[in-house]
Amino acid sequence: MITTNNRWVAMIWHTFVALLMMQLCRLLYFYYNQSHFPDVDFQQLISLMRGGYIIDMVVIGFGFILYYLMMIVGAYLPAKIEMNKWYRRICYAAYFIPFTLFAFLNVSDTGYYPFVLRRVNSTVFSEFEGKSMFGFYKDFIWEFWPLTLAFFVIMIIGIVCFRLIKYERDPNHKQPLLLNIVASLLAIVFLFFSMRGRWDFVGKPQCMTVILPYISDYDQLPILYNSPFSLAKRPSGRIEYRFFSDEEVSNIYTPLYKAAPLSENDSLYSSMKGRNVMVILLESMGKEYFGYLNRDIEGFPSYTPFLDSLLPNTLYAKYGFASGKRSVESFPSVFVSLPSFGGTFNDSEVVIENYQHFSTFDTGLPRSLKDAGYHLKFYHGDVDGVMGFYSFLNKLGLEDQYTITNYKEHYHYNDSVKISTWGIHDLPFEQAMAEDMDNLKEPFGALFFSLSNHHPFKLPPGFKGKFKEGTLPIHQTAQYADLALKEFFDIIKDKPWFENTLFIITADHTNQSDHPAYNNLAGHAAAPIAFYDPQGKLKGEIKDYVVQHTDILPTLLYLLGIEEPVLSYGSNIFDTKAEHIALNYFQGQYIFFTKEITLTMTPTGDIKASAPVPYLQTEPDKAVMPSSEVQEHYTRLFKAIVQDYNHRVFKTSFSIKDVLPPPAKEE
1074 MITTNNRWVA
1084 MIWHTFVALL
1094 MMQLCRLLYF
1104 YYNQSHFPDV
1114 DFQQLISLMR
1124 GGYIIDMVVI
1134 GFGFILYYLM
1144 MIVGAYLPAK
1154 IEMNKWYRRI
1164 CYAAYFIPFT
1174 LFAFLNVSDT
1184 GYYPFVLRRV
1194 NSTVFSEFEG
1204 KSMFGFYKDF
1214 IWEFWPLTLA
1224 FFVIMIIGIV
1234 CFRLIKYERD
1244 PNHKQPLLLN
1254 IVASLLAIVF
1264 LFFSMRGRWD
1274 FVGKPQCMTV
1284 ILPYISDYDQ
1294 LPILYNSPFS
1304 LAKRPSGRIE
1314 YRFFSDEEVS
1324 NIYTPLYKAA
1334 PLSENDSLYS
1344 SMKGRNVMVI
1354 LLESMGKEYF
1364 GYLNRDIEGF
1374 PSYTPFLDSL
1384 LPNTLYAKYG
1394 FASGKRSVES
1404 FPSVFVSLPS
1414 FGGTFNDSEV
1424 VIENYQHFST
1434 FDTGLPRSLK
1444 DAGYHLKFYH
1454 GDVDGVMGFY
1464 SFLNKLGLED
1474 QYTITNYKEH
1484 YHYNDSVKIS
1494 TWGIHDLPFE
1504 QAMAEDMDNL
1514 KEPFGALFFS
1524 LSNHHPFKLP
1534 PGFKGKFKEG
1544 TLPIHQTAQY
1554 ADLALKEFFD
1564 IIKDKPWFEN
1574 TLFIITADHT
1584 NQSDHPAYNN
1594 LAGHAAAPIA
1604 FYDPQGKLKG
1614 EIKDYVVQHT
1624 DILPTLLYLL
1634 GIEEPVLSYG
1644 SNIFDTKAEH
1654 IALNYFQGQY
1664 IFFTKEITLT
1674 MTPTGDIKAS
1684 APVPYLQTEP
1694 DKAVMPSSEV
1704 QEHYTRLFKA
1714 IVQDYNHRVF
1724 KTSFSIKDVL
1734 PPPAKEE
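Residue 1258 in the working numbering sits at position 185 of the sequence shown, and the numbers go up by one each step.
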């Protein structure tokens, strides 16, 4: 240990120790999740660490501000005050409280990345609304014990390094006042610009343009960031792009759908008029867990035996895509045909600032079904109102739900059925749902969102050892969710309403992944989308184009013959002349998939094109870059969609009155 009378030396050293902690956490983050960053070599990692220094100093400047102020102010206080034990204790606490908190956030976020493929951010509070964060972290400590151990190792390194240089003020050795003034000013200037994240007054503080030179791809942002910065960082302000004039945009793309026959002899149109509709939204059941949907990939394992047996009897998408990475992003896309592009309908702060008109939609599946005389009900084995799901659907006319509250009124609630303290496992809940659906007046619209296939991926008592282990924690709960669905269909197949019901089966988003074929943007969004008609009128594989969540609403309206126009950023899957695309939003990028190409657009409007991913977007022999004409066509369409979307966020709305073309003027 070195004892010094020079506070400025001690401050510099303690800043270095904090930076060391942040960089160790960054290295841990990278190496723990290295399989998700195959393109990051040693040279690129060094570049990311250099860029990470900028972000780290922003966090250290803000987080350790009390420590720095006490050290600077101490230069002008009498020695007996500065060296008072309470002053020193507060100063140490001002250092080690943020030090410990930042290390904890970084290390815990390391284990969170495989689930969401991003750093934790402010939306975590809406994602876990109604859940115990204490319970979440308690499970994390035991489940990810290597990371818990790493946290303590980093803390020990930090404490040891901090103590290597100890500041002790010598009352008999006063530093010159001028030296203290100059050093104080230099420290304040350094902290000021460190907190700005840039050494000029030209741009905005903590501007993305400062760190972009350090990354070669947006997928690397989680490495460059640190978790305290990501958590505190407000969502990027939306930009109203002006790629085209308003007239040009409306000529290229308008998010409007009105069901109509596709030809004079279209027998499929309105062929299911009056049929019951049930949407089955499976928690985290990405395409990667299906054997049948991956049968073209040799040796691909399956964790969905029931769904694999059901899919051949459905009309399913070979190249299906979810519209986001969170449940709150799937509800707008599935039920309103509205991609969220990062928006969350249940986060009022985000909506107010960057999605002013995001919640102005007034059409959607519940509204269309209700107007057609359907009895609607939402089923979810969680607490009432969790994450705003019911209020979202209620806005569109749904007025009835079945949750854990209703379950407890009729069934015994104990450890064998509950998930932690907040939900019911799929098997008992779906059996209760099957019984409750007998009370629905036909035609009905049942909207079900499952629950068990969710972190912490715990099976109910009695199911341990009943499923193959797999390579990821989610593989066993995926099998359990599949079994629960099988039992549900076994119960309802003899119900009088079963044959008259059209089922739509999809996943809200993807989750844990370890197969190389899915380690890409398409893999992060690949989801099952299937239409199951027990009467056998809908069968086959949609393989000529991609299908997305937002296609579900227009397709259903076409089959049901409901002709009221609706807002829709999707297409009727039976319309071969429509533009069939898939939209997504990931790591701050707008993403556009077709069978021919993948396009990504940064917040600044820069577009990058890449070849489609084999097996997930197209056949292996067609996974090549398309012609420049095709690239130009889809780039133009992509820009128009993003411009239209953001213009509605800022200036008009997603209400059908602002989507319909204005009436023609009378001459």
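In case anyone wonders, no lab produced these hints; they're calculated from the structure. Do not take every clue at face value.
[To be verified] Below, computed lysine to any residue pairings styled on SDA-like, alpha-carbon distance capped at 20 Å:
{"hint": "1", "residue 1": "Lys1239", "residue 2": "Trp1159"}
{"hint": "2", "residue 1": "Lys1531", "residue 2": "Gly1184"}
{"hint": "3", "residue 1": "Lys1616", "residue 2": "Pro1693"}
{"hint": "4", "residue 1": "Lys1346", "residue 2": "Lys1610"}
Since the model is a prediction, treat every value here as computed from it, not as a measurement.
| request: Starting from Lys1346, check that the Cα of Lys1610 is at most 20 Å away, please. | output: 13 Å, holds
| Is Lys1239 close enough to Trp1159, meaning Cα to Cα at most 20 Å? | 17 Å, holds
| Given pair status - Pro1693, Lys1616, alpha carbons within 20 Å | This hinted pair holds, its Cα atoms lying about 13 Å apart.
| message | What's the verdict on Lys1531 and Gly1184, does the C-alpha distance respect the 20 Å limit or exceed it? | response | The hint holds at about 16 Å.
The structure is consistent with each of the numbered hints, conforming to all of them.
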